[in-house]
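Chains as they are written, first to last, in our numbering: chain S, 14 to 432; chain G, 1167 to 1506.
Accuracy of the hints is not assured; some may be wrong.
To be verified - Distance condition first, Cα-Cα at most 30 Å in a straight line; then the derived DSSO-like pairs of lysine-lysine:
| # | chain 1 | residue 1 | chain 2 | residue 2 |
| --- | --- | --- | --- | --- |
| 1 | G | K1232 | S | K123 |
| 2 | G | K1204 | G | K1232 |
| 3 | S | K137 | S | K104 |
| 4 | S | K104 | S | K193 |
| 5 | S | K193 | G | K1362 |
| 6 | S | K123 | S | K137 |
Simulated from the structure, these hints should not be mistaken for lab results.
Given next are the chains, with one letter for each unit.
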Amino acid sequence: MASTADTDVMMAADGVPLKIKLRRAERMKKVWALVLVAPLFIFIMVGFVIPIISLLTLSVEDPEVSEALPRTAEAFSEWDGQGLPSPELMKIFAEELSEAERGEFGRVSKRLNYDISGFKSMLKRTARASDELALLPLDEIHQGFIDLDEDWNDPQYWATIKNASSYLSDYYMLWALDLKRDEEGSITSVDEGRAIYFEVLIRTVEISFAVTLLCFLLGLPIAYLLATLPARKSNLLLILVLLPFWTSLLVRTTSWLVLLQNEGLVNDAAIWIGLWNEPQELIRNRFGVYVAMVHILLPFMVLPMYSVMKTINPWHMRAAASLGAPGWKAFLKVYFPQCLPGVGAGTLLVFILSLGYYITPALVGGPNDQMISYWIVQNMNTLANWGLGAALSMVLLVLTMVMFFIYNRFVGIDRLKVN
Amino acid sequence: MGLSATSPAQAQDTITAASWGGAYSASQREAYYKPAAKEIDMIVLEDEWGGTLSEIRVQVETGEYKWHVIDSESGTAMGGCDEGLLAELDWDMLGGMERFLPGAAQDCAVGTISWATIYAYDGNQFSGDNAPTTVADFFDLETYPGKRGLYANSVTSSLEMALMADGVAADDVYQYLTENEDEAIDRAFAKLDTIKDEVVWWDSGAMAPQLLADGEVAMTTAWNGRIYNAIVNEGKNFIIVWDGQTIDYDLWVIPAGHPEYDLGMKFIEYASRPEVMARQSQYISYGPTTNEAAELVNPDILQHLPTAPANLSNALWVDTIWWADREEELLERFQVWRSQ
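Isolated chain S, as found in the complex (with noise of 0.2 Å):
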C-alpha cells in the first residue's frame, strides 16, 4: 500500500509526470500561435500603428518657434505674457531674427500668421532689418521696432509669439474644435468666419446616421427575401447584390455623376414621363451624397443580416403562427429578436465606414456636404496645415472609438455575427 503515493502522480509512458507534460504541449501551442500571429501582428505595428500614431503627435506639436528661434522661445515662456515684454527678451528676439535661416523662418512666420493675418509680412519687414535692430541698446530696442511697425507697440502681437513658443500645445486640437486661446490664456471660441470644423464633425455624424437608417430600411426586406426564397432565386439575388459589390467604388460613384447630372437618365426620363418639367438638381447636394453612399454601403448592411437570417430556423414562424400570432407579430417578437446579432453587424459596419467617407461626397456633394476627412485632405494637401490635418485626424479616430463604444455598451460587440 506504500505505492498508493506514487500512483498520485500520473505518469506518462516515458516515466514523465502527466501533468508536466500537459504543461509543455499547452506552451508549444501557445509559442505556435504566437509563430503565427507574429507576422500580422509585426505587419499592422509597423504599417498601421506606428505610422498613425507618430501622425497623431503632429496634432499636439507646435515646433516652430521653438525649432526656430530656441533662445527666444525659452525667454518668452517664462515671460508673463502681461503687456509689453522687456527690453531683454525684445532683444533676444531681434537677434534670433537676424541670425534664423531663410526657411526656419518662412516657417515660423506662416505658424504666427494662423493666428494673427498679416503678422508674416510684419514679420518679414522687421527680419529684414534685424541686423540693426539687434544690435540697437536694451534702451532704445523697443523703440526701434515701433518703428519698424507700429503693430510692435500691441500687446497681443507679443503674446502670440508666447503662445506659439511651447513645442508640446494644444493649439491645433482647440483649433479642430472651433476653439482657441486668448490672450490671458483661456479658452474662447474662434471668430464666426473660421468657425467650420464643429459643424463638420456634427454634419459627419448626421450623414452617417442618415445613411445608416436608410441602408437598414432598404436592406432589412432584401436580406428577409434572399434568406426565405429557395436557392435558386435567392442565389440569383445575392448576384445583383455582390455585382456592385465588386464595383470600383469610384466607378460607381462617377455612374451616379453621369445618372443624376441636368442632362443626364434620371432628369431626362424623368420630363419624358412628366414627372418634372425642368430637370431637377439631384447631384452636388445633400440628397445626391445620400443615393451614392446607401448605394455604395448597402451590401456591407445585407450581406451580415443575410448570413444571420439564412440560420434562422422557419419553424419558429410557423410555430408563433400555430399559436395565434398574427404575421407582423411574429416577426417582431420572434424573426427580428434573432436577427439581431446581424443587424447589429450591418449597422456598425456601416456607421463606422460612413464616417471616413471622402471621395463620394467629394464627387456628389456640394461644398456643405463635405464631412471631416475631405478636411483632412484639404489640411493636409491644399493649405499644407499638417498640424491641423492630424488635430481633424485625432478627433476623427476619438469619435469612431466613441462610436464603437456607446454601441458596445447597448448592443454588445461579443453579440456581433457578421458570418
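Please build the complex by placing chain G on the supplied structure of chain S, with the hints as guidance.
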C-alpha cells in the same frame, strides 16, 4: 585622354521633370523634352504632380529626390522659396532677371509660360446681342441666367474677378487691395456671395470645359489653354471672354539641396532660350515669358495667347508678392466660406 573614353550612354544626362499632365505636358514634350535629347544631349523623364508644397517638402526633408525640375504655379514657387524648400536659381546662367517679363523672375523660380484664368460660355447657348462680353456679365444672373463654374482650390483670380466685376478697373485692383485691404476683401466676398448659390465648383483643369460641354453650367472660369484645346481639338463652340481675366505664370523650380542642381539648371537654361521657349505655343495657347521669345511666336497663334494685345484691354497680372503674404489665410477663408 582616358577621361574621354566614357561610353555615350554615361555621357548623357538624365533628369526628371514634374508637370501637370494632359495637353499641357504634351506641349512640353514636343517643345522641350524631345528636342533636348538632340540639342543638349539630355534625356528628360516625365512625372506628374498635384501642385502642392507637401510633395516637395517630403523630398527635401528626406533627401530622396524624385524630381530635378518642377513646373510650379507662382504662389507655390514663392511660398516654397520662403520656406526654404526651393533652391535659388543661378541667374547669371539665365542671362539675368531683366530678360523676363515682370514677375516671371523670382529668386527661386523662372517663368516658362503665361496663362490666363478667363471665363467662357457655350456659343450655342448665348449668341449675338445676348452674348456676355464683360467680366460683370459673369456675375449677372438676371440677364444671363444659369449656373456658373468656378475653381474650387484657389481663391486667386476669383477674388480679383469679383472686384473687377464690381467696378474696380483692372489697373487699380492691387492698389485698392493694398490700401483698403479688409474693405476690398469683404467687397470681393460680397460679390461672390451674389452667385454662390448658382456655383458649380471645378477642381481640375479638364473639368471646366467638361461642365460646359455637359450643359451643367451656362458659363465657367477656366484656364485659357483648356478652352482653346476644346475648341481646336474637340470642335466645341466655346467662346472665351477676354475681359477681366487674370494672367499668371508657371515657373520652373528646383527642390532645395538637390545633389544634381547643375543638371536642373542646365535644363532650365535650355528651356529659357527664346527659340526653344517660342516653340511651345505651337502646341497650346500659352505665351512665353520673355520678349525675345514672344517675337518668334507665329502670328496666327499669337491672337489666342493671354498676352496678345487685343486680349489685354482689361487684363490683370496676378501680383505674386501680394498673394505670398495672404494666400494661406485667404484660401482658408475661401474654403470655409464655400462650405457655409
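Taking the earlier hints as the rules, which of them does this structure contradict? As far as the earlier hints go, not one is violated by this structure.
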